[in-house]
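Engineer: Residue numbers (my numbering), protein chains in the order written: chain B, 1 to 375; chain D, 1 to 375.
No lab work stands behind these hints, which were simulated from the structure alone. Careful: at least some of the hints might be erroneous.
Derived lysine-lysine pairs resembling DSS-like cross-links, with alpha carbons at most 25 Å apart [what the hints assert, rightly or not]:
{"no.": "1", "chain 1": "D", "residue 1": "78", "chain 2": "B", "residue 2": "78"}
{"no.": "2", "chain 1": "D", "residue 1": "231", "chain 2": "B", "residue 2": "89"}
{"no.": "3", "chain 1": "D", "residue 1": "227", "chain 2": "B", "residue 2": "89"}
{"no.": "4", "chain 1": "D", "residue 1": "327", "chain 2": "B", "residue 2": "89"}
{"no.": "5", "chain 1": "B", "residue 1": "227", "chain 2": "D", "residue 2": "89"}
{"no.": "6", "chain 1": "D", "residue 1": "327", "chain 2": "B", "residue 2": "223"}
{"no.": "7", "chain 1": "B", "residue 1": "231", "chain 2": "D", "residue 2": "89"}
{"no.": "8", "chain 1": "D", "residue 1": "78", "chain 2": "B", "residue 2": "222"}
{"no.": "9", "chain 1": "B", "residue 1": "223", "chain 2": "D", "residue 2": "78"}
{"no.": "10", "chain 1": "D", "residue 1": "223", "chain 2": "B", "residue 2": "78"}
Protein chains: 2
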Amino acid sequence: MDLEDNVFMLPGPVKIHPRILRVMSKPSVAHRSPEFTEVIGDIRDLLKYMFDSDNDVALISGSGTAGMDMAISNLFGKDDKVLNITNGKFGERFGELSEMYSNSVALDFPWGKPPNLEDVAAELEKGDFKGVTLCHNETSTGLTNPAPEIGALAKKHDALFVMDGITSIGGLDVKLDEWGVDVALMGSQKCLGAPAGISALSVSERAMEESYDDASYYLNLKKHVTKMREKSQTPWTPAVPLLPALRESLLMLKEEGLLNRIGRIAKLGQATRAAVKALGIDLFPEREYASNTVNAMLYPEGIDDSFRDILKKKHNVIVGGAQAHIKGKVFRIGTMGVCTFTDLMACFGGIESTLKEMGHEFEEGAGTGAIVEYM
Amino acid sequence: MDLEDNVFMLPGPVKIHPRILRVMSKPSVAHRSPEFTEVIGDIRDLLKYMFDSDNDVALISGSGTAGMDMAISNLFGKDDKVLNITNGKFGERFGELSEMYSNSVALDFPWGKPPNLEDVAAELEKGDFKGVTLCHNETSTGLTNPAPEIGALAKKHDALFVMDGITSIGGLDVKLDEWGVDVALMGSQKCLGAPAGISALSVSERAMEESYDDASYYLNLKKHVTKMREKSQTPWTPAVPLLPALRESLLMLKEEGLLNRIGRIAKLGQATRAAVKALGIDLFPEREYASNTVNAMLYPEGIDDSFRDILKKKHNVIVGGAQAHIKGKVFRIGTMGVCTFTDLMACFGGIESTLKEMGHEFEEGAGTGAIVEYM
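Taking the hints into account, I'd like the entire structure generated from these sequences.
Structural biologist: In structure tokens:
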């Protein structure tokens, strides 16, 4: 058994389909050639399908953090007030970025709880905010934030709404235009199941107008959007092999259909929650806000993080741990991209076996049985 | 015939060896796992071998421009004077970056000519420069700049020396420690023949000390160096599939041996110049400064840039054009990485045939004959 036999259930990177892996191994191609410009043009059109918006797109050779940096550094300068709503690690990352580049006001809520909308409204009432940031789906806590409500508040106060959709767009129901999102972000290794290394932004006209020309060289928003719109190119040499892979993953999304994909992922997320409930394991976030792309669970009494080591070593099942103050107390399961019910069954086979070995009591087959009900 | 049949002779990206292509198509792996940490640790050690220096390294998921941005934005602030020595497109890019982030003083020399060292010395005499930038090997003009002399001048004036070695390190004779280079850059798709998308810096202790903590979030120099040194990791999710590919390309360099590689590339560069000379084609840069990794040639009388289209369409041979004011007047041939004498023969077979078709007069077989002499 080696890495290639893993049942890979992280909340990103996620399983990569063999169709996607195969297209990476092509010989060199000139990145400004007509052949490669066609790849990038296809990606632009397919990203708009994924974002479900006609807004312009920026294609970045860099991780999701590069996309977040581009959004914050290009939109907000030292004199611009930005409201950072945080209740997890990735919301906090927007806060750190805003601290560095702009005038950040952070509203921190407990991890696993939704933001208090009245507090958000009250803070915005103080006036003068150029922007509001939100991580739509907090990968760190398995919580989906109330983006439509935050978007409405940002709109009311005429602030730009910047939304991290890295583990929501293409996996959860997202309505960028309806919610008034000015900049939304995706990352290649999450809901698309493509390799890590690419991020993309959906950018409103207003965001283009209000972005600074000289804030960043490599991560220049206007240059990325303009080159993409006018020439189907990127301003700098892209991470060449990752782009045919990204296109293939987007084609697979389109073949399945965005709504079908979202519906299938919803069932996988619900099945995961049904399975852990049947095993007597509690969710970390408030149930009402639990995410369908990432579920975060509290370890039951007597089980510690060595659970993940046993699961990996004995059963080749890879699930996520947690970070910061919930490290060691929480484990996470991703159900994005081309994850299937049979993957989930394999995963819970390993989980049941490991829990039993570690002395947790439950009815054998209860977890996998709950999944079968959804299949 | 399709892209996979190309004789690929660009000055980067260059031909990728099948060994390197094959390792990209692995299933997902967690980028913080012990298995992947080992990949990054190997890369760190092998990069030091390539840089031929024990200085720390930063591994960046982003193109060479990302590496240039990291160097300039982290080392030089708005109040820091930086001398940008330029005689080509990539030297000018350092100038643009320094304009954006610092107080740039540009010394522009004609493309294809070496910088006048007396002018450089005189400018530095004016005092107060925190840094000096140089593109060691100007890919745009096929010229190798006198880096040791510039390094000595920077040292004399106690300025940080930042050198773009993107098409020199691992292909030409480079002595970072001896020349006093504080930050040197490489790009994956050049002398290593790995896929595009990764760059790396070699960073002196002084550069670490004098860099700013809060200049850039995604491209933070200190975070990259520290994570690499202490944990064999990158601060953010890397472009995962590109790293096993980079490691494989570095292993191939080590197997060949750095000095052997540089010697072989020197012969390929010389053979290219012998071949074009035999065909009655002039070099663009001053012959004494001609680069062994990239040769740039002036089109002879009566030949225009449609030469490259015919070469590609009829013979599947891909060579580079030129940019800016020399566009259409110059073509370029790269001989980096795993380029071989047989590749060069195939390339010049196409070139001779195309030149003949376009009416250029020369003795048939003169170019390829000149190459055979070197083989």
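Engineer: Each hint: holds or not?
Structural biologist: Now for the hints, and whether the structure bears them out:
no.	hint	verdict
1	D/78 x B/78	holds (14 Å)
2	D/231 x B/89	holds (21 Å)
3	D/227 x B/89	holds (19 Å)
4	D/327 x B/89	violated (48 Å)
5	B/227 x D/89	holds (19 Å)
6	D/327 x B/223	holds (22 Å)
7	B/231 x D/89	holds (21 Å)
8	D/78 x B/222	holds (22 Å)
9	B/223 x D/78	holds (22 Å)
10	D/223 x B/78	holds (22 Å)
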